[in-house]
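Chains as they are written, first to last, in my numbering: chain A, 1 to 198; chain B, 199 to 396.
Derived from the structure by calculation, the hints contain no laboratory data.
A couple of the hints might just be wrong.
[Unchecked claim] Derived list of chain B stretches under chain A, where covered just means 3 residues or more per stretch with a C-beta under 8 angstroms from a C-beta of chain A: (1) 212–218; (2) 224–232.
[What the hints assert, rightly or not] Derived pair list, reagent style DMTMM-like, types lysine to aspartate or glutamate, alpha-carbon separation capped at 20 angstroms: (3) B:K221 - A:D87; (4) B:K364 - B:E330; (5) B:K321 - B:D348; (6) A:K23 - B:E213; (7) B:K359 - B:E318; (8) A:K23 - B:D285; (9) B:K321 - B:E256; (10) B:K359 - B:D348; (11) B:K221 - A:E15; (12) B:K221 - A:E95; (13) B:K321 - B:E346; (14) B:K221 - A:D90; (15) A:K23 - B:E293; (16) A:K23 - B:D288.
Just so we're clear, the structure is a prediction, and the values are computed from it rather than from any experiment.
We treat Cβ as the ideally placed atom computed from N, Cα and C, and that holds for glycine.
The residues making up each chain are set out below.
Number of protein chains: 2
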Amino acid sequence: MLYPRSLNQLIGQLERLPGVGPKLAQRLALYLLRRPEEESESLASALLMARARTHFCENCFFLSEEPVCEICRDNSRDTSLLCVVADPRDVLAIERIGSFRGYYHVLQGLISPADNIYPEQLKISALMQRLEQNPPQEIILATSPTVEGDTTALYIARLLKPTGIKITRLAHGMPVGGDLDYTDAATLLSALEWRREL
Amino acid sequence: MLYPRSLNQLIGQLERLPGVGPKLAQRLALYLLRRPEEESESLASALLMARARTHFCENCFFLSEEPVCEICRDNSRDTSLLCVVADPRDVLAIERIGSFRGYYHVLQGLISPADNIYPEQLKISALMQRLEQNPPQEIILATSPTVEGDTTALYIARLLKPTGIKITRLAHGMPVGGDLDYTDAATLLSALEWRREL
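Chain A with its partners taken away, still in its complex shape:
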């Protein structure tokens, strides 16, 4: 490469990030060089600050600067409902709807043998411990309707069976506003299977 060594090193580091290919890594690095030095400095310090201050909530494994997160500290929520999700982003997605008032449990991933992710690496045993202390009335397994999401939900459902807690899964079906003609067969099949009497 003809680029100076320090620039190549930055490009190399950026390329390793998810969703950042060689083209975007190069574009980002060159963009930062053109901008005032303060911008790189504030990006670097934001990076270090977030990494140093943000931890996983010791109860639900969402993100927090405190040992226990904002949601778990909120006593006004509904203790009878626990929503199990794969990723902190999923918590935000559900909170955005504004109608769920229960608590969460973030698994930190989904079972995926192809990517070497097995149940032991996820926060499943932490979930079981949590349930022993404070069992909710219903657990919503809100993982994505993908192979990994379904596998993880089934695995957890089987583990939870002996507890007798009601276990639910998000409905599969057509997206609201979707066009039947453009809906893929798998989704349409699910929509048929999950149909409900009016």
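For this one, chain A is given, so just place chain B on it according to the hints.
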């Protein structure tokens, strides 16, 4: 946002980068939190290092850790050819072919009134000064065949007219391996206009 403040700040900084939308910014930030702290540290230091060490070559405005870049320092190149490009990435693209042995001049952008980029912001007057001292025999205006690239090439060609230096532009035409049936009309029209006797 429910995320901790330090995390939101990092996401905000990442969102400002070109090619990084809110979704990717969130994904990158969460990825870095899951990875060992050393990774964030080495990314932050690569960023600061590249920004502090890399400068623009004072001759051609390519990138260099020295005042004058590697290409300009290379005496074995052909002084009769000067290739004018918009961006340092374009230098790499042309060097990758391996057959161009002249020198470069990086404009650091293209004229684009819509984006508030006018000739004065580009390295055009630096190009004129360079030509006074060491005029090449041919200047290749290797800007992209876009409105901005064409405008910039025409603007520079007009400025260079009085110097009497031969001015060329990269050929427009069909991409090698391209299918005539799939080629857009504008490209096909260019290919016809630029046709050459065999």
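**Q.** Hint check against the structure, violated hint numbers in rising order
**A.** none
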